[in-house]
Amino acid sequence: MPAPAASPSDAQLILAVLEREDRRAFGLLVERHQSQVRTVLRRLTKGDVALADDLAQETFVLAWRNLRKFRFEAKFSTWLYRIAFNTWQSEARKKHEVLLDVDEDAPPPGLEMTTQMPDVVARVDLERAMEILSDGERAAITACFYADLSHEEAAEALGMPLGTVKTHILRARAKLKARLEKGKP
Amino acid sequence: MNDIDRILRDDARIVLPDEGFAARVMATLPARPRTKPWLHSALVFGSALLGCVLAVAFAPAGASLLQGFADLAQLQARTPGALLAIAFCGALLASAVVLAIESD
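Going down the list, the protein sequences come from chains A and B. Numbering follows my numbering, with no gaps: position 71 of the first sequence is 71. Numbering follows my numbering, with no gaps: position 97 of the second sequence is 282.
Be aware that one or more of the hints could be misleading.
As the list claims (entries may be wrong) - Chain A is faced by these chain B residues, among others (derived, beta-carbon under 8 Å): (1) ILE189; (2) ILE192; (3) LEU193; (4) ASP196; (5) ALA197; (6) LEU201; (7) ASP203; (8) PHE206; (9) ALA207; (10) VAL210; (11) LEU257; (12) LEU260; (13) ARG263; (14) VAL282.
Unchecked claim - Residues from chain B that keep clear of chain A, each with C-beta distances beyond 12 Å, as calculated: (15) PRO202; (16) MET211; (17) LEU214; (18) ALA227; (19) SER232; (20) GLY236; (21) LEU239; (22) PRO245; (23) ALA281; (24) ALA285.
It should be emphasised that the hints constitute simulated quantities derived from the structure, not laboratory data. For clarity, every value in this text was computed on a predicted model and none was experimentally measured. For glycine and all other residues, C-beta sits at the position ideal for the given N, C-alpha and C.
So that you can see chain A by itself, here it is in the shape it has in the complex (with noise of 0.2 Å):
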């Protein structure tokens, strides 16, 4: 019995597309990727579920239409990322201003995280906690933890400083712990 051929990398469907318009090649891409561009943008919104579907399928088909922009020294799931968060952007843009600088009035993060939390947390409770965190902290938390970008590749995607990004981390870390603990029985 012929052993199961080997799925093709991302690479190769990109190629496949590029080189013969291969829409099944595209759609396996949208398969492999579509949980966690979901997932980022969920978290984005607020776990507004429409909106993070709509704003991720508009993610897609800008993918697709600027397939032959993609440079393959990156990976293509950063890639669709860096989409995703300027697609995210724009959509915010509309409703309201996004304000992705530090909060200065905020309480400085200065807590350790050397408490235990409980080992299991409801993502409702995870979901609630992330909307208190500002417009900043929320992008870079979801870069850092649910795109899994460096804090460097965030800052780029996300267009604001290196310095940022990390202060945004470290508060939203401060304020989720805070927001989880209060929770707690």
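Assemble chain B onto chain A, guided by the hints.
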């Protein structure tokens, strides 16, 4: 790694079921712009060539391209023909540089 990091990473690892999402995306994909790879190059090169032909056609009397190359061979760069030859080669070189940069 502290617990907040772990909670966030665990949450990020949860796989969302497709639920028809990929099919919806595929149904809305527009036709990709069909650009033939050689067309752009042909346009740049053709424009440069057309410019050269017009330059030759409207060159002052006595400015022949062949005479220009002959003048250049004799290190005479200030004759009308030599200037025409330099402009001709410059236009072709510029188009080659544009194509080389864009194909990078």
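Status of each hint after checking the structure:
For B:ILE189, the shortest C-beta to C-beta distance to chain A is roughly 5 Å, which falls under 8 Å, so the interface hint holds. With a cut of 8 Å, the hint placing B:ILE192 at the interface with chain A holds, because the nearest CB-to-CB distance is about 5 Å. Checking B:LEU193 against chain A by beta carbon gives a least distance of about 4 Å; that is within 8 Å, so the hint holds. For B:ASP196, the shortest C-beta to C-beta distance to chain A is roughly 6 Å, which falls under 8 Å, so the interface hint holds.
For B:ALA197, the shortest C-beta to C-beta distance to chain A is roughly 4 Å, which falls under 8 Å, so the interface hint holds. Contact between B:LEU201 and chain A, as hinted, is supported at the beta carbon level, the nearest pair being about 4 Å apart and thus within 8 Å. Because the beta carbon of B:ASP203 sits about 6 Å from the nearest beta carbon in chain A, less than 8 Å, this interface hint is met. The beta carbon of B:PHE206 is positioned within 8 Å of a beta carbon in chain A (closest approach about 5 Å), and the interface hint is therefore held.
Among the interface hints, the one on B:ALA207 holds; its C-beta lies about 4 Å from the nearest C-beta in chain A, closer than the 8 Å criterion. With its C-beta approaching chain A no nearer than about 5 Å, B:VAL210 sits inside the 8 Å limit, and its interface hint holds. Annotation: B:LEU257 was flagged as interfacial toward chain A, and the flag is violated, the nearest CB pair being 41 Å apart, outside 8 Å. The beta carbon of B:LEU260 comes no nearer than 46 Å to any beta carbon in chain A, farther than 8 Å, and the hint placing it at the interface is violated.
Interface restraint check: B:ARG263 against chain A, minimum CB-CB distance 46 Å, threshold 8 Å, status violated. Below 8 Å, beta-carbon pairs count as interface contacts, and B:VAL282 has none with chain A, the closest being about 22 Å; its hint is therefore violated. Not every beta carbon of chain A lies more than 12 Å from that of B:PRO202, the smallest distance being close to 8 Å; the non-interface claim is violated. Listed as a non-interface residue, B:MET211 fails to keep its Cβ farther than 12 Å from every Cβ of chain A; the least gap is roughly 5 Å.
Consistency note on B:LEU214: stated as away from chain A, yet its beta-carbon is not over 12 Å from all of that chain's, at 5 Å minimum. For B:ALA227, the non-interface assignment is confirmed: its Cβ lies about 18 Å from the closest Cβ of chain A, beyond the 12 Å cut-off. For B:SER232, the requirement that its beta carbon stay farther than 12 Å from each beta carbon of chain A is met, with the minimum near 23 Å. For B:GLY236, the condition that its CB be more than 12 Å from all CB atoms of chain A holds, with the nearest at approximately 28 Å.
Listed as a non-interface residue, B:LEU239 keeps its Cβ farther than 12 Å from every Cβ of chain A; the least gap is roughly 33 Å. Under the 12 Å C-beta cut-off, the non-interface status given to B:PRO245 relative to chain A holds; the minimum distance is some 45 Å. With 12 Å as the threshold on Cβ separation, the claim that B:ALA281 sits away from chain A holds: the shortest Cβ distance comes to roughly 22 Å. Chain A leaves B:ALA285 outside its interface by the beta-carbon criterion, the shortest separation being 18 Å against a cut-off of 12 Å.
The structure is inconsistent with the numbered hints 11, 12, 13, 14, 15, 16, 17, although it conforms to all the rest.
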